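Trainee: Take a look at the letters that make up each chain.
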Amino acid sequence: MESAKYVSQKVSKARWRPVSSSFLQQPEIFATGSWDNEENKISIWSVGNYENSGLEDGFEGDPQLICENKHDGDVLGLQFLDQERIVTASSTGAVTIFRHHHNSQTISVSQQWVKAHHYPCDNAPCTAVVCSSPEIITVGEDGRIIVLRADQDCMAQVIENADSSTIHAVTYLRTTEILTVNSIGQIKLWDLRQQSNSASQILSLSGDRVPLYCIDRHPNQQHIVATGGQDGMLCMWDVRQGSMPSSLMEAHSAEMWEVHFHPTNPDHLFTCSEDGSLLHWETSSHSDMPSFLQGNRNSSVTSRSAMALAGGNQSLISAWLNGDSSKSRLETTHMLPSQTLSVNSLDVLGQCLVCGTDGEAIFINKQVPV
Amino acid sequence: MEEVDVEPVVTNISGIRPGKRMGFAWGPGDILVYETQNKASGSGCAFIHVVRKDEDIYSPILRKLFNESHHIFVGLQTIKDDLPSKSKKPQFVSISRNYRSVIRACMEELQQAAVSANDTDMATQYGNQVSILLAIELIWNLCEVLFIDAAPAGSLLLHLLDWVRLHKSDVDEKAKGVLQSDSPAEHRDYWDVVCVLSYVLQGRLEDTRKMLMKQAMLQPAAKSMYKLMDSLLSKMPFYNPGGTQTLTEFDVKWRNWHEEVDRYLKDNSFASNQHLEVICKILLGDEDVLLEHKELLSTWYYFLITRLLYCHPTVKPTELHYYAQSSMMMFLDSGVPEPLDSILLAAFEFDIHQVIKDCSIALNNWWFVAHLTDLLDHCKLLQSHNLHFGSNLREFLLLEYASGLFTHHSLWQCAVDYFDHCPEFGRVYLELQIERVPLDTERKALKVLRICEERQMSEQVRSICKIMAMRAVRNNRLGSALSWSIRAKDAAFATLISERFLQDYCAKGTFSDLDLIDNLGSTMLLSDRLTFLGKYREFHKLYGEKCFSDAAKLLLSLMTAKIAPQSFWMTLLTDALPLLEQKEVIFSAEQTYELMYCLEELTSSLITFDVKEEDVEVTKVEMLRLALARNLASAIVKEGTMQT
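Keeping their order, the protein sequence lines are chains A and B.
Number 492 marks the last residue of the first sequence (the working numbering); no jumps.
Number 2111 marks the last residue of the second sequence (the working numbering); no jumps.
Rather than coming from a laboratory, the hints here were simulated on the basis of the structure.
Fair warning: this is a prediction, and the values are worked out from it, not measured in the lab.
Some hints could be false.
No more than 25 Å apart at the CA atoms, straight line, and that leaves these computed lysine-lysine pairs for BS3-like [said to hold, decoys possible]:
#1 B/2002 to A/488
#2 B/2087 to A/163
#3 A/192 to B/2020
If the Cβ cut is set under 10 Å, some of the chain A residues that face chain B in the computed set are [what the hints assert, rightly or not]:
#4 128
#5 241
#6 326
#7 397
#8 455
#9 457
#10 461
A virtual CB, placed ideally from N, CA and C, is assigned to each residue, including glycine.
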């Protein structure tokens, strides 16, 4: 069941607070960041029943604001560092850690790097942030990659001029390797141990270099990466092999802002776009082999194209890399009831999906079929 | 010039000393005002004041109204036109209800905020906003009943009754208070509640009967009187629109009932009980009795509906205005009608244009009139006479509303959809406004660009891309600059960027941003200079990989195919030097001749240089000539040698 909550601010990012995996709990708390306001805010909301609010039947599931704090600049990136701390990337170039105090239900700034991203004589927006506690990695329009550590004021590592164009998104490939995407349609692989100023590997689409805006890695099969960009096409890449995408799928009619694999059920993928739609992709292959055994074989894989593959090797290749060829079934469903203004951000955890739009609304779906 | 409808409102600017002159400048939604002495020199004031007409769009709670109604508006525009309007009426009614529920939700939130506000100023402000929204909803509801739903006689009264009941809800609260007391019949509000307020005045006769029963139990002596009243109340006929009874049959039945009540009154059956007598007179629609209870009725339109209910339940829409006017005059015997009253009166008179006009004047925000007019226009209720300004009323109001939205730092995105649905001037307005949206981040620029591209506003696309590209170049982000010029297909700018790269190369001797140049792909074709840059870099790569003959061929083609600018030829020829001086012959004789030709072409244009540069150039040229000659010799020998 979907419900829209109008929140009087354009929502640029929405993220669930991580839940402890031991009880298969559904997430209840999420954070949002706003943009394009004179005074932007970071807010924490709660969904689901809890003691101290008199919820009537009709409003079950309506998110309630717990606390909020002023944020300097647009919130261009937001990520939970742990259960209490949130990292944000700002359009002023600052990276901030906010702490949510559970007992007093307030939120305050815990640490800040003010001019993390900058030009020689101007501010540069910090476009994305990703973290794996206590390490935080940020990228920005100045083409820098910065590695920070929570609780340490100095910057652990800075890759200057990592890119000549804007880096739009970053994600971890392995614990010491990251992937970034930029405005000229390239995915770059960086090995942080090497302390070098150039990427270990560059992958890109030949032909039109369409800017890429989002990237996400498959939770289990770490070589599979999905990206989305200006033309709204969903690309699947295999980072081990070649510098070309494995499959291209037409997804949206405008920029794709975020792509997320479902963290525990990676046959499901979610994308959201400027055209106001949020798509849920579901794949399954026809192979008899159960999916958790796929991808563990390594050598017999030969062809990289999205066309039909020879022999009985199809089952070994993840269904995602096949795209929507006849070998695997790919289903897409629209998740929002009607066309809205741009859907800027989405997050999915368990069976719960949250997304924020430019129509100043938050949509929550607590029964996503995964 | 037309005459002014109302006196202009005076606003005092607190920062400007009284008696001083003010200078001003109009903006799209506000005025900039400053103190001035009207002299060319001398000390002026250091402050500029911004005077806003509409502060509602900055209220966080009211913002939800704008966003939700935007959603409904867009949905309304997409209703297909090919269906006959009869079948669309329920859709329009439901859309009208959606709008109203949005207003109500906003009102409730404002009410809560007013109650919990700490600051009295804020609480007053919220309170004001609540009363304005109340009035708006009242007017909208009436318009829905009269214009959109357009009920015929019979159902019309029922709908109007619902309308009044919806807006007079304090009755139920009072009743609850009375019922919860130990002895309801002796509560001081009992007769107020039962006798006059709501129940009878609102035609809620079932509830009246239940309350009367409580009183009846206390006075067993008057049992027969109460029983009589009860039976009269139960027999009052109400029109059933879905039933088989026609209006005339209902009318006959009602008149019979009316005469029966009249008989009992004249019989003095209720003479001993003053309260019951009052009820009886009200049932007969006695205006004097109704007017005696003005405080309970509180408004003239409530009085009107009650009067109609008990005098003329089969009132036709066309007859409404007569009753409305007389009711208003009777009720407000002294006072001047307030703006709300005249608006409602205009609605009862079915004068839609007057309603819209009065609302536009009374409210400081175009939201209400724009949406209502748009909905009425879809119901085909507005005559399409053109206004002086060239567009029809609906478009005019929507444009005004959307222009106001565009001045908001955040709501401008909603305004775009409104402009889209103004066929005549919407596009022009949008073109002018969209260029002025401040572009702080790339993400915002991308969104604005998408809006422009979807509407084929190519000039705006070019202009925005150029702004972003220039900004990138200034910050030395050449890759970003290139991606912006690719988006705008701006060959001139791409040339500019390539020149920058080439200059950097000449200055430093190496290329910067290799990741960009190495991976240009098909974007190379955007501009000649860009192609040259890509190919030149390719040459360097080939040289680095020691594929000398390929490198040589490429180098030559760059010059002969005129891809390289002449200014760069010297550099290219200098690059050719190491290839010429290799042990093995790389350039064939043919190629060497071509190189010599290029050199000659270059030197002939070099004669115009001044003396100093010529020295350097002359040395280089000499070296080249020597190298070329030697190469030619070796090439001729090599080609002339027979392979054995």
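Trainee: Quick one, are residue 192 of chain A and residue 2020 of chain B close enough, alpha carbons at most 25 Å?
Mentor: violated (62 Å)
Trainee: Answer holds if the nearest beta-carbon of chain B is closer than 10 Å to that of residue 326 of chain A; otherwise answer violated.
Mentor: holds (6 Å)
Trainee: Would the hint on residue 457 of chain A be counted as holding, given a Cβ-Cβ threshold of 10 Å to chain B?
Mentor: violated (17 Å)
Trainee: Are residue 2087 of chain B and residue 163 of chain A close enough, with their CA atoms no more than 25 Å apart?
Mentor: violated (64 Å)
Trainee: Tell me if the interface restraint on residue 461 of chain A is satisfied: Cβ within less than 10 Å of some Cβ in chain B.
Mentor: holds (8 Å)
Trainee: Against chain B, run the beta carbon of residue 241 of chain A and see if the smallest gap drops under 10 Å.
Mentor: With Cβ-Cβ at 4 Å, under 10 Å, it holds.
Trainee: Does residue 128 of chain A meet its interface restraint, that is, does its C-beta lie within less than 10 Å of any C-beta in chain B?
Mentor: holds (4 Å)
Trainee: Would you settle whether the hint for residue 397 of chain A is holds or violated, based on the nearest Cβ-Cβ distance to chain B being less than 10 Å?
Mentor: Hint holds; residue 397 of chain A Cβ to chain B Cβ min 9 Å, cut 10 Å.
Trainee: Is the hinted pair residue 2002 of chain B and residue 488 of chain A satisfied, with a Cα-Cα distance of at most 25 Å?
Mentor: violated (55 Å)
Trainee: Against chain B, run the beta carbon of residue 455 of chain A and see if the smallest gap drops under 10 Å.
Mentor: At 21 Å from the nearest chain B Cβ, residue 455 of chain A fails the 10 Å test, so the hint is violated.
When each numbered hint is compared with the structure, violations occur for hints 1, 2, 3, 8 and 9.
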